[in-house]
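Chemist: Chain by chain, the residues:
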Amino acid sequence: MKNRRTAFVLPPVLVGIIGLALWEGAVTVFEIKEFLLPKPSSIWARLIEEWGVLRHATWETGKIAISGLLIGILLGVLLALITNRFKVLNDGLTPFAIAINATPIVALAPIFNVWFGLTGTFSNQAVVIAVVFFPVFINTAKGLNEVHPNEIELMHSYASGDWTILREVRIPNALPFFANSLRLAAPLSVIAAIVAEYFGGPQDRIGNVITSSAGFAKYDVAWAAIAMASGLGLLLFGSALVTERLSMPWRISGDIKDN
Amino acid sequence: MRENSENLEEAVSIRAADKVFNPDSDNEVQALLGINLDIKEGDFISLIGPSGCGKSTLLRLIADLLVPTAGQVKVFGKTANQARLDQDYGMVFQHSGLFDWRDVSANIELPLELKGWSKADRQARSREMLELVRLEEFKDHYPRQLSGGMQQRVSIARALSFEPRLLLMDEPFGALDEMTREHMQVELLRIWRETGTTVVFVTHSIPEAAFLSSKVVVLSPRPGRIHSEITVDLGDRTDQTRQDPKFFQATTEVREALRAVEAG
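Chains as they are written, first to last, in the numbering used here: chain S, 1 to 259; chain X, 1001 to 1264.
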C-alpha cells in the first residue's frame, strides 16, 4: 500500500520539479524579459514579499468560490430531485439546462453586475452559483434517472414505493454522476469567481490583484496571484476527490474483480 | 377450508389472460393471447419459446409487474397484486440487479431490511443464505468484485432470503458462459430440492429447460400463446444426466415442439 502510494505521488512530483527547473533555466538562458515570463524564483520571492495582500485576496476570493460552490451544489441537487419526481418537468427542463450549460456562463458576469449591483459580493457569487449549478443539476438528474429497469422491477417486487426506490436505488445510483460533476464544478468555481472579479465587485480579490498588478507592470506579483489561485483550485478539486472516495467505498475496491 | 384445499396447492393459476401493449395506438402489440396455465406447488416450470413469444411478459404477469389486459392471474389463491404486496415470490433477473453500493451481505439483507427485520435476524439469515449458495467467504465483497456466476448466486440468495414459496427467474443464466451455466443449473436444482420452492424459469435454451424442469411450457409468438406443455421426469439430476438418453429424449421433444412453433 505504502509503495503504491509512493508510486502514485512520485511521478507528478518529479515532473513538477523538472518542469520548474526547465522554466527557470530557459528564462535565464534565453534572456526572456521578466514582464513576458518571470522566473519561478522571482515569483516565489514576490509571493513571500506580498504574502499579506495575497493571503487576504485568496481568502476573500476563496470565500466567494466555496460559498457559491456549496449553494450551486445544493440548488442543483434539489432541482434534480424535484425534476425526478415530475417527469414532465424533467423532460421540459433538461434540454434547456444542457443548452445553457454549453454557453460560457462567465460571460454573464457584466450582466449579473447590472442585475445584482456592484457594491456587494453577490454579483460575483451569482456567477459562481450559475457555473456550478448546471453541471451538478444535469449530472445528478441523469444519475437519478438512469437506473436499470430490472432494479426498479426488483424494488416493485418488494412492494416498495417511490420514496423507498429513491432512497435505496436512485440516490446511491446518482452518487458517481454527482461526484463527476463535482470534479468539474470545484475548479470551475474558482475560475468563475476570478473572472467575475475582473468585471467588478470589491477590489481586494485575486482577480483584482492580477489585473491591477498587470496594469502597473508588476508581472511577478500577477504571477504570484495566479499561483495562489491555482492552489485554491487544486484545494477544491482535492476536496471533491476526497468526498468522492469517502462517500463511495465500493468504488475503490471495485478494481480487484476476478472473473 | 376443506373446499379450498385444491386451490391451495396451486401456486399459480392463470385463466384466459391476454396482454396488449400500447392498446388503441399504431404500435399496438398483442403480446399474450388466451393464456391458461396451472403451476402446482413444488413444481419447476420453464417457459421457452422464440423471441417475441411473450415468455418474459408472462413471468411479469405472475409477478404483478405487468397487469393483464384481460383474464385472471392468481398466485397462491390470491390476486397477483395481493401476492406481490405480501411478497409471496422472489425474483431473479438476467442482469443480476445487485446494488453496487451494498456488499454481498447487505444485498441479501435488502428485502429483510425493507420488511423491518432486526439487524441480528438479518445477519443470521444472510449467513444461512450464503451457506445455501456456498459463498460464505465472500460476504464482505462488493458485487463488482465477483464473477458473473457468483453474482447470480447472490441474486438467488437475495430472492430466497425471506423464504418466499415461489421463485420467478427471468433468463437468470443467460449471460453466463456454458460451463458456469451448467454448474449453476446443478446448484439451482440442489437449492430447489433443499427449499421446496416452486420455480418459474424463463429461458431460451433447450437443454437448460429440459435439464431443470418438471414441466416445459412452449410458447408460440405473435401473439404469444401456449403451444404445448411437455412433462419431463429425469429424477435426481447430476452432470452425468446430460449424457443420459432420457435427457436426450427430453431435449428432442422440446426441440420438436419449438420447430413446430417456428413452422407456424
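In short, the hints are calculated from the structure, not lab data. Don't take every hint at face value.
Coverage of chain S stretches by chain X, computed from C-beta distances (three or more under 8 angstroms per stretch; other residues unrestricted) [as the list claims (entries may be wrong)]:
#1 18 to 27
#2 182 to 191
Quick partial rundown of chain S residues pointing at chain X, CB under 10 angstroms, derived from the structure [stated by the list, open to error]:
#3 D91
#4 T94
#5 P95
#6 M155
#7 A159
#8 L175
#9 P176
#10 F177
#11 M248
Glycine included, C-beta positions come from ideal geometry on N, C-alpha and C.
Chemist: Each hint: holds or not?
Modeler: How the hints compare with the structure:
1. 18 to 27: violated (count 0)
2. 182 to 191: violated (count 0)
3. D91: For S:D91, the interface hint is violated, since the closest Cβ of chain X sits about 19 angstroms away, which is over 10 angstroms.
4. T94: With a closest approach of 24 angstroms, the S:T94 hint is violated.
5. P95: Hint on S:P95: violated, closest Cβ of chain X at ~24 angstroms, above 10 angstroms.
6. M155: Cβ of S:M155 sits 8 angstroms from chain X, so the hint holds.
7. A159: holds, 5 angstroms
8. L175: Hint on S:L175: holds, closest Cβ of chain X at ~7 angstroms, below 10 angstroms.
9. P176: Cβ of S:P176 sits 9 angstroms from chain X, so the hint holds.
10. F177: violated, 13 angstroms
11. M248: With Cβ-Cβ at 7 angstroms, under 10 angstroms, it holds.
Violated hints for the displayed structure, listed by number in ascending order: 1, 2, 3, 4, 5 and 10.
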